[in-house]
Amino acid sequence: AEEVPYGSDVDANLRPDCFLALGLAHCFALDADGKLQDAFVLEPIPAGAYEAMLCGSKTSYTHVVGVTWEQVEAMDVDKLPEEFRAASFAEDFEFRAKAALRTWQRPHAIEKLTPELGTGDVRGGEDFNFDISNKRVLNHVHEVDDSDNIKQDMSIDVYGRDKDEKATKPDASVEELYNA
Numbered sequence: 001a002e003e004v005p006y007g008s009d010v011d012a013n014l015r016p017d018c019f020l021a022l023g024l025a026h027c028f029a030l031d032a033d034g035k036l037q038d039a040f041v042l043e044p045i046p047a048g049a050y051e052a053m054l055c056g057s058k059t060s061y062t063h064v065v066g067v068t069w070e071q072v073e074a075m076d077v078d079k080l081p082e083e084f085r086a087a088s089f090a091e092d093f094e095f096r097a098k099a100a101l102r103t104w105q106r107p108h109a110i111e112k113l114t115p116e117l118g119t120g121d122v123r124g125g126e127d128f129n130f131d132i133s134n135k136r137v138l139n140h141v142h143e144v145d146d147s148d149n150i151k152q153d154m155s156i157d158v159y160g161r162d163k164d165e166k167a168t169k170p171d172a173s174v175e176e177l178y179n180a
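1 is the number of the first residue of the sequence shown in the UniProt record's numbering; add one for each residue after it.
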């Protein structure tokens, strides 16, 4: 039998009943006038990120629901609880959902996290440390220019450039002798 390289078939363990946490993220979008408008996006949440949320990490998720792959595969918001129906699915949702699904299949997630959020359970409000002080802007484009470059101080140079410069630069006293 031909051996299949590990990770070459990312859908190998994908079943319709695979568990996934789906979050309702409060983001922002720039309008034509350059002003921020509220935008609510449905995003898959990996098990590690959900665990961090349970530990009190700041999050932009207002609600989280436990779903199966079958429920979100068609990307139909009508199959989701009421809180999630006004939102749109995130960019690259299918790819990100499959990656997050794999994290929920690990033993730690199955033992410790899935009981915290069962299929169909909706958590939100006081369950998480909701904070939007660091705004997530969806359609912002950062234009990189020369002012973004940071010149590193030679006193903290980890690449040894100062040594290279001294090696190629002739000693000042020798240079004086040649110019006498």
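Since the hints were made in silico from the structure, they are not lab data.
Treat each hint with caution, since some may be false.
Claimed, not checked - Cβ-Cβ distance ranges computed for the label pairs, FRET-style:
{"hint": "1", "residue 1": "D131", "residue 2": "P81", "range": "16 to 26 Å"}
{"hint": "2", "residue 1": "N139", "residue 2": "A86", "range": "12 to 22 Å"}
{"hint": "3", "residue 1": "G124", "residue 2": "Q37", "range": "17 to 27 Å"}
Positions of the beta carbon are idealized from the N, C-alpha and C atoms, including for glycine.
Outcome of the hint check:
At roughly 23 Å, the beta-carbon separation of D131 and P81 lies within the given 16 to 26 Å, and the hint holds. Hint check: N139 to A86, Cβ distance near 19 Å, so the stated range 12 to 22 Å holds. Range check, G124 to Q37: Cβ separation about 22 Å, and the 17 to 27 Å hint holds.
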